[in-house]
Amino acid sequence: MTVEYVDAGEAIDHSALSSMAGVAPAVTNDIDYERLLNARSESQNWLTYYGAYDGQRYSLLDQINTGNVSKLSPAWIFQAGHSGQMAATSTYAFEACPLVVDGVMYVTGWDGWFWALDAVTGKELWRYKHAIPFDVSLCCSNVNRGCAVAKGKVFFVTPNAQLLALDATNGDVVWQKTIGDVRAGESASIAPTVIKDTLITGSAGGEFGVRGHIDCWDLETGEQRWRTYTVPKPGEPGSETWPADGEAWQRGGGNHWVTGTYDPELNLYYAGTGNPAPDFDGGVREGDNLYTDSVVAMDVDTGEIKWHYQFTPHDLWDYDSTMEMTLFERDGKKLLGHFDKNGYFFVLDRTNGELQHVTPFVDRIDWGVITRDGKVTPRKYPDKEGEPVHFYPGPAGAKEWTHAAYSRKTELFYVPVADVGATATRRRREFKEGIPYWGAGVQVDIDNMAGSVSAFDTYGEEKWRWRIDYPMAASVLATAGDLVFAGTPTGEFVALDARTGEKLWEFQCGSGHHSSCSTYSVDGKQFVVVPVGWGGWLEGIVPGLLGQGHGSAVIAFALPD
Amino acid sequence: MTIAEENITEERSELLARLGLDGQNKASMGRVLATGSIAEATERADGTMEATIRIKEDEVCWDPAILVLPHGGDLELTVINDDKNTHACLLPSNGDQKFLWLVNHSRGKAKIRLDGPGYYWYSSPGGNDEGRGLTAAIVVQGEVPPEARLDRPTQPRA
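Protein chains in written order, with the numbering used here: chain A, 1 to 561; chain B, 1001 to 1158.
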């Protein structure tokens, strides 16, 4: 006898089995280019990845200040968690900076997660989960650095190189574009930037020997406006810095995987580019290898590279220059400050790329020397096959991708510094698409390390240093309350006096910090929010803490009512 | 004797059976993942793909263990629980994961959307169904769209 099946119905959204509201107020409808140009003046909000186009990570909010920060306490905690299997389970982490618009917070996570939260209560308003292939190529963990908001939509990228525009009120997909080739080893982790009526993204995958590119997309339709490769073809400007008769340019790296900054008066987008590939084997790519390890100043309307400055010519240490290009003014001059993985702080004239000065910002640098006027002399690098070479800083750099802050009030930069070395042994290998292409065996030191939040004036002179036993691995935030906020690898979230470096407050968050905090206010009450959860490219950043517990929380702090 | 030599000289399916890797409470407590059958989805004229996934009685695994799609896109699944125990199904899909409760001897549907290429795990997220064997793979074949590929000559692949 045949027994009829019980009708199980049709599968439903997993989020339907949660307390999630499913809808958020339409707070982003009126966000346009004008508001983004003046993002800092909307100090109650955090409208862009860095808080403003200039990349300063500085807020005008001062309700929380040196006088009362000792009373700061958690207002709410959002626990993300995860279910099922996912790519890079062992190393996933928050690397995002939360955006906040009129009481609604937008946070991206690993593995295609996006959450809209009530910024006052932490209650989940809606979620989006993109399905990410388990086998996607990820050099440096399953991470995402954040989103952009404008005109009723939120925008973010996924590890399998998709760019999504979601309805900001409910997370529904408005459009989706494939922006990279996962079979080639491309992925995406950058927080997009909205400029005018476009969106700018970059690719990841330099460790797989891809050809880096920066892309511009129509905000409304997702149609591509332009693509600029960061490694030139033969015959293009810069191609003379690659072997003339080789294939190296085809696999040259130079990926733009951290959000750039933008000067609207100059109409220039300042994009940092990543390491050349293979990372440590320069013998197959003789020359300076433009535009790797550089800042490229791009016309945002055309993608044309107007000028460039290369921080580490012919890189042999994996010294990406993707991290922030902070825009600031001094004596009426438009400048750009950049703390590079190679351990040096560069200040450029951002109108033309002319170097102003270079200064070291970490204690131990022995890979080479850069003079104050920019002359580079390499000293220690993997050169002979099979011969180990130890150097400082290691491949995660004296400052990894995590961001410094610049206070307009104190005119100081606050820098998350990492002081750890590594050993690389050159091992040449043939190139195969989609297979890691490092050209060396690499081991980062698990002892004899240090870290700090260090304050520098715009000339690179150190003013104070707050020391810890491990390399710093999270972004710093500066506020008009004369405070500097930073999270440590061991879980402490601290507030430092911006003028002295004295620690004024700390809270143990239960897991290490590897993301970017931000600040906002709702109905006159200031909050500081930080995504927490140890993970990421730990084998490069702090392998001495590979055994630390994971976490996946967003924690907001406020003063008592 | 080495395991490597046995792998070479013996059919994989026979080796899985002889070592007890392909069933419940044999070599280990559960069935080692992806040791079961392989099937291909069919495709309708409109490009929507179709397939059936099933939990067989007392096998605590998905059949097929690996479902292969020719490309990314929409997939309509018939999901059947032929077991005499209750399970569930949690599937990846762009937008949100899809959940289906599966009491004993039940049948349901799931509509999911996946990018390609790449492979995804899905499971029965109750107790430790996932560890006992109710974790299976959906493999999406194909290439990314031409406009998303790098401007460079064809490169060697492994």
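You may find that some hints are simply not true.
Stated by the list, open to error - Covered by chain A, according to a simulated footprint, are these stretches of chain B (three or more residues, beta-carbon under 8 Å):
| no. | segment |
| --- | --- |
| 1 | 1089-1102 |
| 2 | 1109-1118 |
| 3 | 1122-1135 |
| 4 | 1142-1152 |
Stated by the list, open to error - Some chain B residues well away from chain A (every beta-carbon gap over 10 Å; in silico):
| no. | residue |
| --- | --- |
| 5 | Glu1014 |
| 6 | Ala1027 |
| 7 | Val1032 |
| 8 | Thr1035 |
| 9 | Ser1037 |
| 10 | Ile1038 |
| 11 | Glu1057 |
| 12 | Asp1058 |
| 13 | Asn1085 |
Derived by calculation from the structure, the hints in this document are not laboratory data. Model, not experiment: these values are computed from the prediction. By construction, the Cβ of each residue, glycine as well, lies at the ideal position given by its N, Cα and C atoms.
Hints versus structure:
no.	hint	verdict
1	1089-1102	holds (count 14)
2	1109-1118	holds (count 9)
3	1122-1135	holds (count 5)
4	1142-1152	holds (count 9)
5	Glu1014	holds (27 Å)
6	Ala1027	holds (22 Å)
7	Val1032	holds (15 Å)
8	Thr1035	holds (16 Å)
9	Ser1037	holds (19 Å)
10	Ile1038	holds (16 Å)
11	Glu1057	holds (13 Å)
12	Asp1058	holds (17 Å)
13	Asn1085	holds (13 Å)
The earlier numbered hints are all upheld by this structure, with none contradicted.
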